[in-house]
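Peer 1: Residues per chain are reported as follows:
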Amino acid sequence: MIAGAIVLLIVVFLVMEALPALRHVGIARFFTDPSWHPAEGLYDLTPMLWGTLFAMVGSVLIATPLGILSAVFCRYYAPPAVARTYRKLIELLAGIPSVVYGFWGLVVLVPLIGAIHPPGPSLLAGVAILTIMILPTIALMADSSLTNVPQQYVRGAAALGLSRWATIRGVVFPAAKSGLFTGVILETGRAIGETMAILMVCGNVVQTPHSLFDPIRTLTANIALEMAYAVGDHRAALFVSGLVLMAMIAALVGAADWISRGRIYG
Amino acid sequence: MAEPVGRNHMPREWFAAVLVWSAAALVTVTFCWLLGDILWHGLSQISWTFLTAPPRNAGREGGIGPIIVSTALILGVCLGVSLPIGVGTAVLLAEFTTDDSLFGRLTRRSLDMLSGVPSIVFGLFGNAFFCKTLGLGFSILSGGLTLACMVLPILIRSTEEGFRAVPADYRLSAAALGLSRTTTLVHLLLPAAVPGLLVGLMLGVGRAIAETAALIFTSGYVDRMPESLLDSGRALSIHIFDLSMNVPGGDANAYASALVLVALLLAINGTASWLAEHWLHRRIVTI
Amino acid sequence: MNKCNVLVMLTKYVAPVALSMAGFLCAPASAGAQKATEDQLAGKLVITGASTLAPLIAEIGKRFESLYPGVRIDVQSGGSSRGVADARQGLADIGMVSRAMKEDERDLSAFPVARDGVCPILHRENPVQALTDEQVVAIYTGKITNWKAVGGTDAPITVVNKADGRSTLEVFLHYFKLKNVDVKAQVVIGDNKQGVKTVAGNRNAIGYVSIGTAEYDAAHGVPIKLLPIGGVAASTESVQKGIFPLSRSLHLVTRSAPSGLAKAFIEYTQSKAVHDLIKQQYFVPLAD
Numbered sequence: 001m002i003a004g005a006i007v008l009l010i011v012v013f014l015v016m017e018a019l020p021a022l023r024h025v026g027i028a029r030f031f032t033d034p035s036w037h038p039a040e041g042l043y044d045l046t047p048m049l050w051g052t053l054f055a056m057v058g059s060v061l062i063a064t065p066l067g068i069l070s071a072v073f074c075r076y077y078a079p080p081a082v083a084r085t086y087r088k089l090i091e092l093l094a095g096i097p098s099v100v101y102g103f104w105g106l107v108v109l110v111p112l113i114g115a116i117h118p119p120g121p122s123l124l125a126g127v128a129i130l131t132i133m134i135l136p137t138i139a140l141m142a143d144s145s146l147t148n149v150p151q152q153y154v155r156g157a158a159a160l161g162l163s164r165w166a167t168i169r170g171v172v173f174p175a176a177k178s179g180l181f182t183g184v185i186l187e188t189g190r191a192i193g194e195t196m197a198i199l200m201v202c203g204n205v206v207q208t209p210h211s212l213f214d215p216i217r218t219l220t221a222n223i224a225l226e227m228a229y230a231v232g233d234h235r236a237a238l239f240v241s242g243l244v245l246m247a248m249i250a251a252l253v254g255a256a257d258w259i260s261r262g263r264i265y266g
Numbered sequence: 001m002a003e004p005v006g007r008n009h010m011p012r013e014w015f016a017a018v019l020v021w022s023a024a025a026l027v028t029v030t031f032c033w034l035l036g037d038i039l040w041h042g043l044s045q046i047s048w049t050f051l052t053a054p055p056r057n058a059g060r061e062g063g064i065g066p067i068i069v070s071t072a073l074i075l076g077v078c079l080g081v082s083l084p085i086g087v088g089t090a091v092l093l094a095e096f097t098t099d100d101s102l103f104g105r106l107t108r109r110s111l112d113m114l115s116g117v118p119s120i121v122f123g124l125f126g127n128a129f130f131c132k133t134l135g136l137g138f139s140i141l142s143g144g145l146t147l148a149c150m151v152l153p154i155l156i157r158s159t160e161e162g163f164r165a166v167p168a169d170y171r172l173s174a175a176a177l178g179l180s181r182t183t184t185l186v187h188l189l190l191p192a193a194v195p196g197l198l199v200g201l202m203l204g205v206g207r208a209i210a211e212t213a214a215l216i217f218t219s220g221y222v223d224r225m226p227e228s229l230l231d232s233g234r235a236l237s238i239h240i241f242d243l244s245m246n247v248p249g250g251d252a253n254a255y256a257s258a259l260v261l262v263a264l265l266l267a268i269n270g271t272a273s274w275l276a277e278h279w280l281h282r283r284i285v286t287i
Numbered sequence: 001m002n003k004c005n006v007l008v009m010l011t012k013y014v015a016p017v018a019l020s021m022a023g024f025l026c027a028p029a030s031a032g033a034q035k036a037t038e039d040q041l042a043g044k045l046v047i048t049g050a051s052t053l054a055p056l057i058a059e060i061g062k063r064f065e066s067l068y069p070g071v072r073i074d075v076q077s078g079g080s081s082r083g084v085a086d087a088r089q090g091l092a093d094i095g096m097v098s099r100a101m102k103e104d105e106r107d108l109s110a111f112p113v114a115r116d117g118v119c120p121i122l123h124r125e126n127p128v129q130a131l132t133d134e135q136v137v138a139i140y141t142g143k144i145t146n147w148k149a150v151g152g153t154d155a156p157i158t159v160v161n162k163a164d165g166r167s168t169l170e171v172f173l174h175y176f177k178l179k180n181v182d183v184k185a186q187v188v189i190g191d192n193k194q195g196v197k198t199v200a201g202n203r204n205a206i207g208y209v210s211i212g213t214a215e216y217d218a219a220h221g222v223p224i225k226l227l228p229i230g231g232v233a234a235s236t237e238s239v240q241k242g243i244f245p246l247s248r249s250l251h252l253v254t255r256s257a258p259s260g261l262a263k264a265f266i267e268y269t270q271s272k273a274v275h276d277l278i279k280q281q282y283f284v285p286l287a288d
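From first to last, the protein sequence lines are chains A, B and C.
In this text, residue positions in the first sequence follow the working numbering: the first is 1, and each later residue adds one.
In this text, residue positions in the second sequence follow the working numbering: the first is 1, and each later residue adds one.
In this text, residue positions in the third sequence follow the working numbering: the first is 1, and each later residue adds one.
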């Protein structure tokens, strides 16, 4: 019950702190103001929303196939010794803190991207680092859901003479669907919520990106950057963006719930 | 009329195999690059002095002694608070509620949501609640309490699993022997669930150490040796952040600190999985 | 057997943590606890604010601590706005502000401690030696995007701007008569040191930081160079002579008239005893 109380407390606090902004500024302005310049009283969240969305979509699009294929590799293609090592590697990487990923991105990736196309800190860097970070999540989830596919299915497919890939595509994937979806939802949640690594490699310029090489600022990074000194309406506006983040996560969790309830017996 | 189906599928099979192997190769290469880089640059800096001396010259020189102490203290506060609450809630969930009671469902939903909340929102909340409302200021205490909120779901989930793993026989035998509910709980179930608890503990500790965003606004930046829980202290992850973003020439020590952090996490996660494999399955003796 | 194990585990892991926690909690400390007797000061001071001032105040703090062993001075950066906000809310005992005080900050008590300037910095290997005011404005508003337009190599300019709430930003914008909405930057940074690090890592970057920070880092081997403004070289001497156009004074602020430890520290910072430290950080001490 304390857990429930804490969640409630967090939401209530966020709402209470966000209220002044919602009252003075009005929720429509968070999406229609010309830009985000709190010093001038402008609170447009959209460029940062786009930043968050693009970074998330980009990384999920790349990480999902790579992660699922990794799990398939582990389960069906690799010799047992290789599979064990590979799985250990992925588990290791699931535990590396985001700040270490961000640091590596800052000293290795950003100069690399800068050499190809200045300035370097960019949406591309953010997508790359995010992909690396959420890959273990989807890979491990996929691995466990592939393991849970009943052996009878696979043996039945073999008895029917199906080739390996056909088995995987036609039998295993549909059976593991709900687990895979949960994995995607989890990794998306992580991508939305990531702060430190994005802060370090994305350039932190408030703008809607027009190309992969444009620097961006996500909602999370914005809170981290401005929290320390924001007062009054500015501070309340930051809490509003915190609420937006919570809403996105809640939507994800709800979607996961709905999908798993509907499909798990399908 | 029956065509050998196998022949038609050969190219597709081959293509699929190439795809899968190259995905795995790509992933392996990227990760080895990352880990190798950290190992290569960080190993040269590590020494006993590095681990115990205070940082000098904004962290470019000197070591990370006080920072390790601060990290340990923050962890201590976090665990000291979340352990009792976590175990209590797990007991409640596992023993006193059924799967489809409203209370159980509500708590489980909240836990799911709690574990999905971005760490920066925890930082916001921690800052507003612990630092300002409770007046704790930037301190190890605020940081530890905020982390406790983050670690709770993992702890509860894992301990609950531990409880559920206890076979019904235990409980039935206890009831048959006439033991009271509390006695059963304390003497029989808790010890049996300890492995699950420990796994959850390790996982929670791992998550807490890796946290940066939540700590920046709650436990502060000061890199000196803390003298009390109300002092501000810099955690290892924040030190890496500061060195890499703000200190020209701080990269070398950032690499070394990153290596220390990763090594620590490796040790913790390794212990957790070892525990899970050996204890969890060994303690529960089924017939 | 089970009970013994649990007890053993409790004593081994929980007890030491609990004991050390209790020990720590008994140690007297809380933000703002200060005792001042005639000759023995003790307590803790929390000072936050401008990244320009942070290294200097940290050094002065260390010297102050060596004079009064019972004192502990914690310094954190975060920007001048943070210094003002924290001082007002009581999160910090003293705030650091690297500009002149504004109209709506009259409620705070401000104490000037040094003078400094703001100048553009380039990577040391950038062939451009100087930029006129118009060129700087054009670069920062995105009208000039390639170094060759100002006599450099053919490479796109990476514009580094400071985040909201930093006085270095406000001073810069005020002098060049720009508004933050007009600035088109590629990278936004926070602390001065972050700006230096960004420019040092990118041959085609331009940024602006405090002269003190820039000179200190350049003297310690960081590959940056300071650009003159309006023909006046950017250096501590020009600021001292009063001829550098982008100068500003650095302040310590408190919520109300300071007393006890805070007062002692502020007076120490304004005294002649720390002039050598101020010069070491490449700032200009106030002439008394």
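One thing to keep in mind: the hints can contain errors.
[Said to hold, decoys possible] What follows is a list of derived Cβ distance ranges for each label pair:
no., chain 1, residue 1, chain 2, residue 2, range
1, C, LEU67, A, GLY232, 54 to 62 Å
2, C, LYS272, B, LEU43, 25 to 33 Å
3, C, LEU67, A, ILE116, 35 to 43 Å
4, A, GLY232, C, ASP133, 30 to 38 Å
5, C, PRO69, B, ALA263, 32 to 40 Å
6, C, LEU67, A, ALA251, 40 to 48 Å
7, B, PRO54, A, LYS177, 51 to 59 Å
8, B, GLY270, A, ALA251, 31 to 39 Å
Don't read these hints as lab results, they were simulated from the structure.
Beta carbons: idealized from backbone N, C-alpha and C, even for Gly.
Peer 1: Starting from the range 40 to 48 Å, see whether the pair LEU67(C) and ALA251(A) falls in it by beta-carbon distance.
Peer 2: violated, 58 Å
Peer 1: Given the range 51 to 59 Å, decide if the beta-carbon distance of PRO54(B) to LYS177(A) lies inside it.
Peer 2: Roughly 54 Å apart at Cβ, these two residues keep to the hinted range, so it holds.
Peer 1: Could you check the hint for me, namely that LEU67(C) and ILE116(A) are 35 to 43 Å apart, CB to CB?
Peer 2: violated, 54 Å
Peer 1: Honestly, do GLY270(B) and ALA251(A) meet the 31 to 39 Å range at C-beta?
Peer 2: Distance hint for GLY270(B), ALA251(A) holds at roughly 36 Å.
Peer 1: Is 32 to 40 Å respected by the C-beta to C-beta distance linking PRO69(C) and ALA263(B)?
Peer 2: Roughly 36 Å apart at Cβ, these two residues keep to the hinted range, so it holds.
Peer 1: Range first: 25 to 33 Å. Now tell me if the beta carbons of LYS272(C) and LEU43(B) are that far apart.
Peer 2: Violated: the Cβ-Cβ distance is about 47 Å, outside 25 to 33 Å.
Peer 1: How does the Cβ-Cβ distance of GLY232(A) and ASP133(C) compare with 30 to 38 Å: does it lie in that range?
Peer 2: holds, 34 Å
Peer 1: Take the C-beta atom of LEU67(C) and the C-beta atom of GLY232(A), compute their distance, and say whether it sits inside 54 to 62 Å.
Peer 2: violated, 39 Å
Hints 1, 2, 3, 6 from the earlier list are contradicted by this structure; the remaining hints agree with it.
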